[in-house]
Amino acid sequence: MKIPLKYTFRSFKAKKLTTTITIIGVSLVVFVFAAVLMMAHGVEKTLVATGAPDNIKITRKAANGEISSIIDPETQNVIRTLPDIGKNPDGTQLISNEPVVVINITKADGGLSNVTVRGIGKVGMQIRPQVKIIEGRMFNFGLRELIAGEALHKRFPDAQVGSKVKLAGDYWSVVGIFSSNGSGFDSELWGDAIQLLGAFNRGNTCSSITLKLADINQYDNFKRAFDSDRRLQQFEHDSETQYYAKQSEFLATFIRILGIFITVIFSFGATIGAMITMYSAVANRTVEIGTLRSLGFKRRSILASFLTESLAISLIGGAVGLVLASFLQFFSISTMNFTSFSELAFSFALSPSIIIISLIFALLMGVLGGFLPSVRAARMNIVTALRAG
Amino acid sequence: MSEIIEVQNVSKSYWRDSLEISVLHNISLKVNEGEFLALMGPSGSGKTTLLNLIAGIDRPTKGKLIVAGTDIAALGESALAKWRAASVGFVFQFYNLIPVLTAFENVELPLLLTKLSKAERRKHVEDTLEIVGLGDRIHHYPKQLSGGQEQRVAIARAIVTDPVLLVADEPTGDLDRASAEEILTLMERLNKEFKKTIMMVTHDPHAAQRARIIRHLEKGDLTEGVEYENIKANI
Ligand SMILES: Nc1ncnc2c1ncn2[C@@H]1O[C@H](COP(=O)(O)OP(=O)(O)OP(=O)(O)O)[C@@H](O)[C@H]1O
Ligand SMILES: [Mg+2]
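Residue numbers (my numbering), protein chains in the order written: chain G, 1 to 389; chain X, 1 to 235.
Hints in this document: simulated from the structure, not taken from any laboratory. Worth double-checking, as some hints may not be accurate.
Only pairs whose alpha carbons sit at most 25 Å apart, straight line, appear in this in silico SDA-like list of lysine to any residue [unchecked claim]:
(1) G:K16 with X:H140
(2) G:K15 with X:L145
(3) G:K15 with X:G147
(4) X:K82 with G:R376
(5) G:K132 with G:S239
(6) G:K246 with G:Q233
(7) G:K298 with X:R59
(8) G:K6 with G:S280
(9) G:K61 with G:N77
(10) X:K143 with G:S280
(11) X:K123 with X:H140
One chain only, chain G, in its complex shape (with noise of 0.2 Å):
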C-alpha cells in the first residue's frame, strides 16, 4: 500500500453525501443482521441461564419438552434409589417432581398465548434459590394459588398479584410474582404440584423431575447408576443448564437462518449502494488516478488504494450498525418457543462473536461492492485517464 491512506479518507470524506448514505445502508443492513444473532443469542442465554449446573433434570426419552414427558409412579420410585442424591438435614432428598401443564391466557393486545404452569413442592423452590419473590407473597401448599414469574407479569393482564387465572375448570387466584435473574423461568406460572395435579386428574405422573446431587463431582457414579437400570431405559437425564441448552436450540437455530436468509437479501441493496458510491469515487477521480500513475504508482496501489475506501466505508457502516444494536440489549421481546410450546420471554444479547461476525459481514459487502470499481480504476489506462479532465 503506497498510496498514503489519509488520500482515501480525506477523499471519501470530501463527498460526504454519498459516503453517508453507503454508511447508512450499509450501518442498516449491520443493525438487522446484529439484531437477529442477538436475538438468538438472548433465546440461549435466557434459557441456559434457567437450569443450574447442578440440578439434573429428568424427562422420558422422545419427548420435546416437558410437556410431553410422562414420569409414571413407579419409575420415580426407581429414581429416589439412585445414589449420590442430596438430602435436606431431616432426610428427604433434594428430589422434586414436577407436573407442567400449558394453558391459555389473555395477553395484553386481547389475543391468547399459550403459558407453561409448573406445579412445585417445597423442594423445588428449594433447589432453585435463584428464584425470589419481587411482589406479593409465596403460594400456599395445599391451596389452589399461584404465583407469576416476571415476564409474564409485565406481558399479561391476568398474571398480577389479585388476579384470577382458569385453570381446568377452576379459578386459582395470583398471589405473588417473582423473578429469576431474566431466565425461562420468569416465564411461567407456578402453584402447588399436588393441587395440580389433582385439578388436571393426573393420579401421581409428573412431567419431569429435577433433582440435586449430593455432589456434582458424583455425576458420573449417578449415571452409571441411572444409565445401567434398565427401568430407566425410557428416560434420560441431562444437567438443568444442558436441558434448556437443548430447548434453545432448535429456536435459535431458526431465529438465525430465518434472520442471515432476510440480511442476506438486505445486503444486496446495500453491497449495490457500496459499488455505485465507489463507481462514482473512481468516476470522479479519474483523472487523479491517471496523474498518481504517471507518477509511477502501479496498477495494484491503485486497486488497494480503492479497495481500502470501500473498506473503510463499510468498516464504518458496520460499527454504526452495531453500536445502534447495542441499544437493543435494553429491549425484551416475547416469542413463542416452539419447544415447550409456551411463551419465552428474553433480551437481545450481544456477543464478542456477534460484534466480529457482524464486522466481517459488513467488510464483506465492502469487498464485493469495491472490487469491480476498484478493478475498473486498477486497469484504466494512463493515457485514457488524464485525458478525462
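Assemble chain X with the ligands onto chain G, guided by the hints.
Using the frame of chain G, we list chain X with the ligands on its own:
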C-alpha cells in the same frame, strides 16, 4: 554531450472503433542531456502524444524509444512504472494536484515510492518547495493556492525525486501572463542551475522563446529545421 532522448522511427496510432487514426508518423528525434526544448504545433498535431511516449505513460505502435539510457518501449508494465518514478517528472497544463492533499503531501507523493525515511522525505519536500518559492505555503491545499502557485507545487512534485528529465505539457496554458512568466523563469532556472533536461509542449510562441530549441510538429510529422536562435540569447 550525450543524448538523453532518442526517438527512433516512432509511429503511434489510435483505434476508434475499427478505424485507425494515425497520430505520429515515423518520427525520429534526438535531444541532448541538459537541453531545454519547446515543442510547438497546431492543436491535434500529436504534441501531447509524443510527450507521453517519451515520458513512458503511453506506448508506441512502432519504433524505438531510448530515454535516460533505457529502451522504454521494451519495458514491462511494472518496470515502466518504476522507471517513471525514477527518471521523469511530469508537469501538466491543469497542474493535476491531488485536491485532498496539501502542497507538502502532494510533493511527498513520488517520494513514497522511494526508500527514503520520513525525515528524509520531509527534508526533500521542504527543500524543493523552497526552490519553487513556496516555503511558506507548505500546508495549504490546492484550492487555497493561485494557479501559478499550484503549478509551482506541481513542478516541485515533478522534480522532488531529482529525475534527469522534466516533461511539461503546456505548463503555462492555464495561467495569466505574470504567473506564466514566473513559471517559465523557474523552468529556465531548473534547466540551467539544476541541469534538468526539459521538454515542454506549448502553443505560446512567447513561452517557446524561453527554450533553447524549438521544434514543430505538423499533423504527426516533425518539420525539418531546428531553430537555434535562442542559443544566442542564452549564451
Ligand atoms: N487516447 C486517444 N484515443 C483516440 N484518439 C486520440 C487519443 N489521444 C489522442 N488522440 C488523437 O490524436 C491526435 C493528437 O492528439 P494530441 O493530444 O497528441 O494533440 P496535441 O497536439 O497535444 O493537441 P492540443 O494542442 O490540442 O493539446 C488528436 O486527433 C486526438 O484526437
Ligand atoms: Mg496536447
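Checked hints:
| no. | hint | in the structure |
| --- | --- | --- |
| 1 | G:K16 with X:H140 | 21 Å, holds |
| 2 | G:K15 with X:L145 | 21 Å, holds |
| 3 | G:K15 with X:G147 | 24 Å, holds |
| 4 | X:K82 with G:R376 | 21 Å, holds |
| 5 | G:K132 with G:S239 | 22 Å, holds |
| 6 | G:K246 with G:Q233 | 20 Å, holds |
| 7 | G:K298 with X:R59 | 16 Å, holds |
| 8 | G:K6 with G:S280 | 19 Å, holds |
| 9 | G:K61 with G:N77 | 18 Å, holds |
| 10 | X:K143 with G:S280 | 22 Å, holds |
| 11 | X:K123 with X:H140 | 18 Å, holds |
In summary, this structure violates none of the numbered hints.
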